[in-house]
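Residue 1 is where the sequence shown starts when you use the working numbering, and the numbers rise one by one after that.
Source of the hints: derived by calculation from the structure; they are not laboratory data.
Just so it is clear, CB atoms sit at the ideal spot from N, CA and C, and this is done for glycine as well.
Check before you lean on any hint, since a few could be wrong.
Here are the computed distance ranges between Cβ atoms for each label pair [unchecked claim]:
| no. | residue 1 | residue 2 | range |
| --- | --- | --- | --- |
| 1 | V852 | P331 | 17 to 25 Å |
| 2 | A883 | A848 | 16 to 24 Å |
| 3 | K902 | T338 | 46 to 54 Å |
| 4 | E998 | P331 | 47 to 55 Å |
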Amino acid sequence: MPNTNSSFWVQGEGSRPDLLCGRSATYTVVNSHFLMLVCSTVVLGGFLRTYLRSSEVTVLIILSVSGFVIGQLAHSSFKVYQIVYPLLRTPSFSLYCYFAPIIIFMAALDVDFYILKNVFWQVLLTGLISFVVSFIIIGYVVLKFNRDFWDLQTSLLFSMTLGMTDPIHSVNSLKTIGISKMYTDIIRGESMIICGFTSICFGVFRSNSLHVAVFTELQIILSLCLDILGSIICGYSCARIIQFILTDLFSNILTSVILCISMVYMTFYIGHTVEPLRPGKDLRYQELNYSSCHLPLPKSATSSVVEFLGMSGMVALVTVGLNLDSLSFKPRIELIVTKFLIMFSAVFQQLLYIFFGIVIGCGETKYLNFHTVVFLFILFATVNFVRLVTVVLVSPILMHASYEYNWKWGIVIAWSGIKGVFSLLLAPDIHNLAEKKIESPQLFILYVQVISLLTMGINSYMMTHSARTLGLCSISLPRQMAMQNAIKHIQEIIQNTITLFKTEKMLTNVNWTLVEEKTKIEYNFPSDPYCVSSDNKEEESPTEEVLIEEARLHVAIIQMSSFEKQCNDGILSVEAARILIGASKSYCPTQGKFMSIYDVSTYVRARSWLMKFKNMLTVLEYHKDKAPLFLYVNNKFLLFVHHIVFSEEFEYAGHVITVMYIYPMIIHLWPMARELNVSALLSVNYYYVFLYIFRSALKIIILKRKYFDQYWNTLDFLIVLLGIVDLFCLYFVKLRPDNLVLIQITVILGYFRIIRFIPFIKIIIPLLINVVDVQIKKRLRLMYGITKGYVKSQEDTKLLIKHISSQESIYQKLYEILETNKRDAVKELGLIEHEGRDVVIALKTRQAIRSVIAKALKNLTFLWSRGIIDKHEGIEMNKVLLAKIKALNNFPMAIAPPTPDKYLHNIVWLENKDVLIEFFKERAKLAYFDYGDVICREGEMPQGIYLVISGMAILHSLPPTFGIDSSLRSDRGSKTMFTEYCTSGDVIGELSCLLKREIEYTVICETILQACFISLEDLYEGFDVFWPSLEYKIWLKLALGIAYQYFESSLSDEDLDFQKCVAFNLAYVETLSSYNEMTIDNVTMKFVIIVYGSVIDTKTEVAYLAPCILPKTCEQVQGTSDLSKLLVVQAFEPAKNTDSKVMVNTGLRMTQREYSWKRKNEERGFQLSWNRSQS
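Using the sequences and the hints, build the whole thing.
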């Protein structure tokens, strides 16, 4: 083995002394001096970044110049030379392995995989075109204008190195001015493709540096394909491992970060450890590159193994980064991991620029002349010209990818060809891999480093300047309007907070005028001439379509935030959230497209092929034949045969026969073994056919014609016939051995014996059916989770659309679109629940357990933070709760539906009390409805309430009246029909029965429906028996439902659970009849919400119609409807009320006045209006 040289520059002669900076390395060097240099570089870089925050390129220039000065000092000073000696002895490929993994992983992690997937082919073509154009043009310029007489291979390697675009610096300047992430991801994706392809090409040169000439094009193409496919598979597998580590509930943050970074390096080293080698290749350079990594490379078996598994660490890490997103991390850990990656990449970048500055300084300065400067400017112009040509060639492709792309974006992207650390890391390999060595190898690094600094400074400035000049960073008027609405909302919150603080006694001496002045938000939108769009007329008066389009993008962002929050809260599974977010990002580029639940279903095909496959397996499933025993009572022989045929042993014997024939069949298919065992094979064949004939004959004797009713029996009979024909052919071949046709037929029939193993499939079919059932249930559960998460996102979005657009027409259109999409999703929920009730029940149960444990964790955190629970106790209790959450991974996939009587426990106002449940169980009846049946019709008197047990019904109605006369409501002239869906657990007709008024909606069955029916007479009998608490509880349940439906954003901080409201009186219902008054105490009453009827402020005479939250200025109200219901949310837990007029305990608030009104209303049969939305 020749003596290896592991320095930056590989020497061709092994006997030549190793000279660095003109000195011989024949002495011992103290390595601690080099560590001092590293630490000093990090400190210097940190101070420079602190004082030069706005100019990163200035920091890198200072570090590069400092490195060059240190290199010059090392050239002339022995002590400085001792410090830098370990750097000069470090292999260039080792630096590549040390620094590249973290930087490329951080770049890939910042790319949105779903955006990149939508334009993947466009980005791939852009990257390949950019690689080819730079390869050709830069290579030609280097051959033409360089006076150092580089050979063709050196020029091509240099062109590949200089053609790489840095995936971090190429978009950093664009991210600071608010450019669309789609374009930054396109630029970054193209950069990573070029980096990956270049690293693969350099890997091919490294592994075949001595024998490139003997390689064919086919071998190189196969090697590249193995690199790419193997790297993607390796990266995907490592991404799943990293995701498992980062989502583990019991792992702490520090351990997760360490394991994540370790896996990044391990993935990179796995990719580069198995680079393809060829037989007869000299391993000198391979061992050279890995000498510093302590990875020995055996000569014997390694060559054949790694030749089969060719991979690239760069491509593997790009795959890892793209497969990780915000859902791959535990909450709040993504920010920590990102901070670590940014810190490491910044430090690595500083070290690289000063290290390569030292390497340049250690070289001979005689090679640095005027031509070097001129050639640098030629290269800089060439690099930008290559980028311009690339943009011209790929513009048609990018126009097809995005409707927003135009010539302005082309100009900005033309300046994005910024070079960085990846070009710098590969620069030393140009000399190491070149066929012809040059005397000044440091020039490769000089050219690349200077070009990278020039592009970082000039191109970054030109990118931002072009974007501002062309109006690409300007904020459109619709977006300004949305931001103004958000600022207005924040200002209202600030003002409300100040108003609340003014009432506190501890803040009486505060200068509130100064507080209001200092907390006032004044956000001025960019008004400089660069950030004003040129289309002033269009911006001054945007059309409704433009406003809707801007609002659509905001809606998509709100929905994606909702999906992520649901996932973090445990409501939505990671897979469902990832599908929903991916679907949202997939439909975002489609102009005017609001994503519906049907689009999500198209995005993820759920069950169609699984159901067809299961049906096919069900048809093929083997069912044991049965024949009546009484037919054979008088015939002992047939009775004996009957017992044999229908015994388990008979079936097992058939399988044993088939298993026994496996070995003879293998011998028959092996020509050499067949010639040696002809007579044995014939005997075994005779024996097998005889057993099959005997087995089929016994079945035919018992089953007769029914034998052929099953496919498997028909197959057995076919096997018997083919076996008999095979025996006859063998017999005739013995009689006529010279008949070639007969011999050929016999040979073909011999191969047909393989069908004797087909009956084995009937053993596997039940297992396959179980597997398919599990998969169907998984897909059902996934689709139900996706649909439910979509419904929740629509509800969350409806609460925020007021802040998206202040125009009423836009708000109404958005509300209608969201309501329609929500209604369609609820319908899908009902259909899924009807299809797989057991799966849905299991999923709901699991989500309920998860929500309860999450609430317990929240309370534990509160008690821990207040010092009520000791730190050690808190950690132990936290582990117990996390273990329960982790145990939900093994939760059953399906739970059998409860019996109908158990559904009474789902009625919240029965409070799961045995007395109430038994009372109504005796009186409730089961009602069955077919598809299309009408449960109740508009205008009819209510017959009772229906608790839906299974199935789904659709409800049509006009806008709810809330007990208000049609002349007083502004929307009663509207004929718009409202549509809702009722599924399992919903109650129909509560309010209509309470008011004894005709129904104002029609309910029609969408599927077969089963319901528990409680008649009106039984309900009122319950009111009398359990008066007054039962009727009050129904009103409280309806009031809470109305409040949360219309004012969820205001009540988001309130824990108004029905059971808590009943037990602790957190909220209660007050009743006002006509001209009755109620005093509002703003100290004890946090919210007063009119949920039914109308009132008037006695002081200002302002009327308030349900549903409405009374303002804080309202001190006393008077009822104006025959019946008004007000929900009072208390500011604190009140003391027990001992007023003699209160007729109920345990927090129920029904006064004597309310009871008198109730009895009076029942006598005169007064009927009040209905509110379906709470039924």
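Results for each hint:
no.	hint	in the structure
1	V852 with P331: 17 to 25 Å	holds, 19 Å
2	A883 with A848: 16 to 24 Å	holds, 18 Å
3	K902 with T338: 46 to 54 Å	holds, 49 Å
4	E998 with P331: 47 to 55 Å	holds, 51 Å
In this structure, none of the earlier numbered hints is contradicted; all agree with it.
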